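When you get a sec, could you build the whole thing from the sequences and use the hints?
Chains as they are written, first to last, in the working numbering: chain Y, 1 to 292; chain B, 1 to 128.
Bear in mind the hints are in silico, worked out from the structure with no lab data behind them.
A quick note: this is a predicted structure, and the numbers were derived from the prediction, not measured.
Backbone N, C-alpha and C fix where the C-beta goes; we use that ideal spot for every residue, glycine too.
Hints are not guaranteed to be accurate.
To be verified - Covered by chain Y, according to a simulated footprint, are these stretches of chain B (three or more residues, beta-carbon under 8 Å): (1) 51 to 65; (2) 98 to 111.
Said to hold, decoys possible - Partner residues aside, some chain Y positions facing chain B, computed with beta carbon under 10 Å: (3) Phe-133; (4) Glu-149; (5) Thr-285.
Said to hold, decoys possible - Derived pair list, reagent style BS3-like, types lysine-lysine, alpha-carbon separation capped at 30 Å: (6) Y:Lys-104 x B:Lys-32; (7) B:Lys-83 x Y:Lys-247; (8) Y:Lys-247 x B:Lys-128; (9) Y:Lys-92 x Y:Lys-110; (10) Y:Lys-110 x B:Lys-32; (11) B:Lys-60 x Y:Lys-27.
Okay, here's what each chain looks like letter by letter:
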Amino acid sequence: MISRILGALAATALTLTATAQTPSAEKQRMIDLGVEFKTARALYDHFKQEANGGKPLDWRSVPDWTGIWTREAQPFFWDPDQTSMTALPTAKLTPEHERLLKEKLDKVGKGIEFDPLSNCEPAGMPRWLVEPFLKEFVVTPLEVYLINEMQNEMRRVYTDGRDHPSEADAYPLWEGDSIGFWNGDKLVIHTSQMRAGQYQRIQPFYTEQVETVEIWQKTDPATMVVDVWAFDPPALREPWYTRQVYKQLSNDDASLRIRYWNCGENQNNAVEKTDTGTSDFSNFTFTDKDDR
Amino acid sequence: MRRALAGVVGLTALLTAQAFAHHSAVMFDDQKEVTVTGVVKEFQYTNPHSWLLVDVKDEKGNVTTWGFEAEGPSTLTRAGIRKSDFAAGTEITITGNPMKDGRPAAAWIRATRGDGKQFDPRAGFAIK
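What follows is the structure in structure tokens.
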């Protein structure tokens, strides 16, 4: 479907244009806040200073983030405010990364698309934030576990006061290294040491220099709001602010459960990158006459 | 031009998270639908995708096994589709977007069981 839409765009000689929608005043304020700081760490330190260093939780003050959650917005776009495939993402991309994105979209429009997830790789951070399917958020006084069902991806956010590893000992990680603090019922997170990747299939790429600052807050019993600033100088001319929203799913009969996700358990799901660079199923078991 | 653009934008509104778990859907032809009637051979209730295998007999009695791909167990559970809904031997009429290369496989859109019960695997993305 996506390739057909982008193909249709190419056929009508339309070009992708910047998202025309003007940010709300509140969103613009958050964008401007990110721009004030040169690095994600500086923004995080600013929030920490505002919170007087934050206040650690104890077991009595742990907020109730239980339940099963999923992202509210459709999965195609990093910014929920992007609702059209005819628009470029809201990110202020560097010329090189705008070129890379347009090159990717041009290929998708021609039916050439391969997602590294097909190799059973995890999405990794920051893409983790926009992956569909189920999520769980487990809060303990000294550590928070943010779990995505897909590929059993669990982020560990250390709120015990530790810092990141030294630069000399840092290396790229699928989920990055996350430290955080509590400002009342808000969890503020700084994540660094991430691997290069893409925000989503038809979204921009990020580099190993990407770092994020997140503020998580449960705003009502069924809504988790996460303000996210992504800093990535090689790819972004300024921090990319977005608001991600997760909704708690009703689960009255307790039938929704997160199970271990084994990407390779069914041969019929094996997908390979073809010679032309697109995706195809490797080999179905059910078309093999010996399997009948 | 404006009408063409509106049409494209309209299409985006109809997008579902089809085949989103771990691969692009480029191998399926989303402009075509194939419908077959047969009996369930096996319901592979697996991640990242489930496969409903259906044996379809032609007029000469030759049997072809078709595979219909859907999302994994949690999304199917949200759509009200349990593994027990499709035991081997269950009669079924099922529709999907077929493979472009002609192999007997499709992205599962909807199904009607022999007892008349209907199933929409893509309803599993609704938030409720």
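Against which earlier hints does the structure fall short, listed by number upward?
Failing hint: just 11.
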